[in-house]
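S.K.: So you can see what is in the structure, the chains are spelled out below.
There are 4 protein chains.
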Amino acid sequence: MGDSAKKYFKCSVKERAAFELGIKFGALYHQYMGIPVDFGNVDVLERAMEESIRVQPHVTDVKVTIDRSGLRKDRKDTYGYTTLNESNLSADITVIIEGTEVKGSMRYVEDLGYPLMYITSVKEIN
Amino acid sequence: MGDSAKKYFKCSVKERAAFELGIKFGALYHQYMGIPVDFGNVDVLERAMEESIRVQPHVTDVKVTIDRSGLRKDRKDTYGYTTLNESNLSADITVIIEGTEVKGSMRYVEDLGYPLMYITSVKEIN
Amino acid sequence: MGDSAKKYFKCSVKERAAFELGIKFGALYHQYMGIPVDFGNVDVLERAMEESIRVQPHVTDVKVTIDRSGLRKDRKDTYGYTTLNESNLSADITVIIEGTEVKGSMRYVEDLGYPLMYITSVKEIN
Amino acid sequence: MGDSAKKYFKCSVKERAAFELGIKFGALYHQYMGIPVDFGNVDVLERAMEESIRVQPHVTDVKVTIDRSGLRKDRKDTYGYTTLNESNLSADITVIIEGTEVKGSMRYVEDLGYPLMYITSVKEIN
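Residue numbers (the working numbering), protein chains in the order written: chain A, 1 to 126; chain B, 127 to 252; chain C, 253 to 378; chain D, 379 to 504.
Hints may contain errors.
Stated by the list, open to error - Here are the simulated DSBU-like pairs of lysine-lysine, each with C-alpha atoms no more than 35 Å apart in a straight line:
hint : chain 1 : residue 1 : chain 2 : residue 2
1    : B       : Lys136    : C       : Lys325
2    : C       : Lys375    : B       : Lys189
3    : A       : Lys103    : D       : Lys501
4    : B       : Lys249    : C       : Lys258
5    : B       : Lys229    : C       : Lys325
6    : D       : Lys481    : A       : Lys103
7    : B       : Lys136    : A       : Lys103
8    : C       : Lys375    : D       : Lys501
9    : A       : Lys63     : D       : Lys384
10   : A       : Lys10     : D       : Lys501
11   : C       : Lys315    : B       : Lys136
12   : A       : Lys123    : D       : Lys451
13   : C       : Lys315    : D       : Lys451
14   : C       : Lys325    : D       : Lys388
15   : D       : Lys384    : A       : Lys6
16   : B       : Lys133    : C       : Lys355
17   : B       : Lys132    : C       : Lys375
18   : D       : Lys385    : A       : Lys63
19   : B       : Lys189    : A       : Lys123
20   : A       : Lys123    : B       : Lys249
21   : C       : Lys355    : B       : Lys136
22   : A       : Lys10     : D       : Lys451
23   : C       : Lys259    : B       : Lys133
24   : D       : Lys451    : C       : Lys355
25   : B       : Lys132    : B       : Lys229
26   : A       : Lys63     : D       : Lys451
27   : A       : Lys73     : B       : Lys199
28   : C       : Lys325    : D       : Lys441
29   : A       : Lys10     : D       : Lys384
To be clear, the hints were calculated from the coordinates, so they are not data collected in a lab.
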């Protein structure tokens, strides 16, 4: 596909790819926080989040995982569901721009008490 | 399922059901605005939105429709997608509490220039 | 102000007012979850949320409170902030339509483990 | 402030700074889309968005601008307000990590029909 935005960037391709990857993680986290989750919707929600990230520019791979350990198996009460929050959402995303691949992850890091987003590799793939 | 929240409501069952229905429409609109949409994710996104509303208390039926007329069939550029916005999202939701059914809809009303949420029927179904 | 949407509602004024109040609570919760909070932005964030709810139809009064007990006084690390979540956000909102006033609240209810939204009063004020 | 997350990053400081900047723009866009706006809340909303971005790691400067040309001066109808959308929101953000400064902007680009986020400069400031 064409890349009509290239001319706006005053940086290297690696920096642009890192920036684009950051956009996807920021979007993922802040778009979906608060969505109700139980065993009835967790699978389709993961897929929808993945497919919606894949629509965005330069994304070549994406995996979203919602931790099921917090979901209540036996929903006796209509209020007994959980919501998507900082500690039950993980993701791995890959961006490629002009042969430069940047991969990153989001994981809840217990030591930090924080859903950390970080770069796991930068490489040229031809 | 149990209804552990009943005691908090100082109103009639019909008013409570109308209130619960309003919560679902407010949530639907404000949770999902801005999600990227093209022909690759529109189907799974509609389903995920429906299933996520169905998780919420007292919802018995839900239909979400994203208008495909604004989606670009021939995505030549990586930036050539659209996003969920006030004019391409419609929904119909039904809530039932203690035998009282309230139905409502969200439609973009051209005359108002507004994504109106409104009640289409209130009735006792027992 | 004019009320150009009245004709769409197939219900009583009380039910419409309850529905409108529900919309505001659903919007509040699902719009703002995940926003970073520390002592530097908590005041302006509360005010912005209140003023943004006040823009919506039929709202006459609104109070938003973010619990400060979870905010870290001594931010030694750049990752040492919290985010708006289901347990630190409270609100009270009033809606009036054609002389019918409906008041409601959102509180995190420990027993339910749930941010409950409920109606606290319905009355005619004319 | 301390930087307890540094060890997770497998990339250069410039790439990390670009990534962190991207996170902020993705967060900004996807957190706030859909918020009601009129002349009553536009000023406080801009400030709250700025202050909430400033809370996030490594941000040293931020300016958010909501285009007022789409706001209706004479709100005759209760439904006569607009919402934050892809075309009325602009922002400029600066991130600094270990002496590397990365600046970026978000502008709605008419030619693309797209709210483009891009890097405007990368430099070492020590």
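S.K.: So, for every hint listed, does it hold in this structure?
M.R.: Now the hints, each set against the structure:
| no. | hint | in the structure |
| --- | --- | --- |
| 1 | Lys136/B - Lys325/C | violated, 38 Å |
| 2 | Lys375/C - Lys189/B | holds, 33 Å |
| 3 | Lys103/A - Lys501/D | holds, 23 Å |
| 4 | Lys249/B - Lys258/C | holds, 19 Å |
| 5 | Lys229/B - Lys325/C | violated, 47 Å |
| 6 | Lys481/D - Lys103/A | holds, 22 Å |
| 7 | Lys136/B - Lys103/A | violated, 52 Å |
| 8 | Lys375/C - Lys501/D | violated, 62 Å |
| 9 | Lys63/A - Lys384/D | holds, 23 Å |
| 10 | Lys10/A - Lys501/D | holds, 11 Å |
| 11 | Lys315/C - Lys136/B | holds, 19 Å |
| 12 | Lys123/A - Lys451/D | violated, 52 Å |
| 13 | Lys315/C - Lys451/D | holds, 26 Å |
| 14 | Lys325/C - Lys388/D | holds, 31 Å |
| 15 | Lys384/D - Lys6/A | holds, 29 Å |
| 16 | Lys133/B - Lys355/C | holds, 16 Å |
| 17 | Lys132/B - Lys375/C | holds, 19 Å |
| 18 | Lys385/D - Lys63/A | holds, 23 Å |
| 19 | Lys189/B - Lys123/A | violated, 44 Å |
| 20 | Lys123/A - Lys249/B | violated, 62 Å |
| 21 | Lys355/C - Lys136/B | holds, 10 Å |
| 22 | Lys10/A - Lys451/D | violated, 38 Å |
| 23 | Lys259/C - Lys133/B | holds, 33 Å |
| 24 | Lys451/D - Lys355/C | holds, 29 Å |
| 25 | Lys132/B - Lys229/B | holds, 20 Å |
| 26 | Lys63/A - Lys451/D | violated, 46 Å |
| 27 | Lys73/A - Lys199/B | violated, 41 Å |
| 28 | Lys325/C - Lys441/D | holds, 26 Å |
| 29 | Lys10/A - Lys384/D | holds, 25 Å |
The structure fails to meet hints 1, 5, 7, 8, 12, 19, 20, 22, 26, 27 from the earlier list, while all remaining hints are met.
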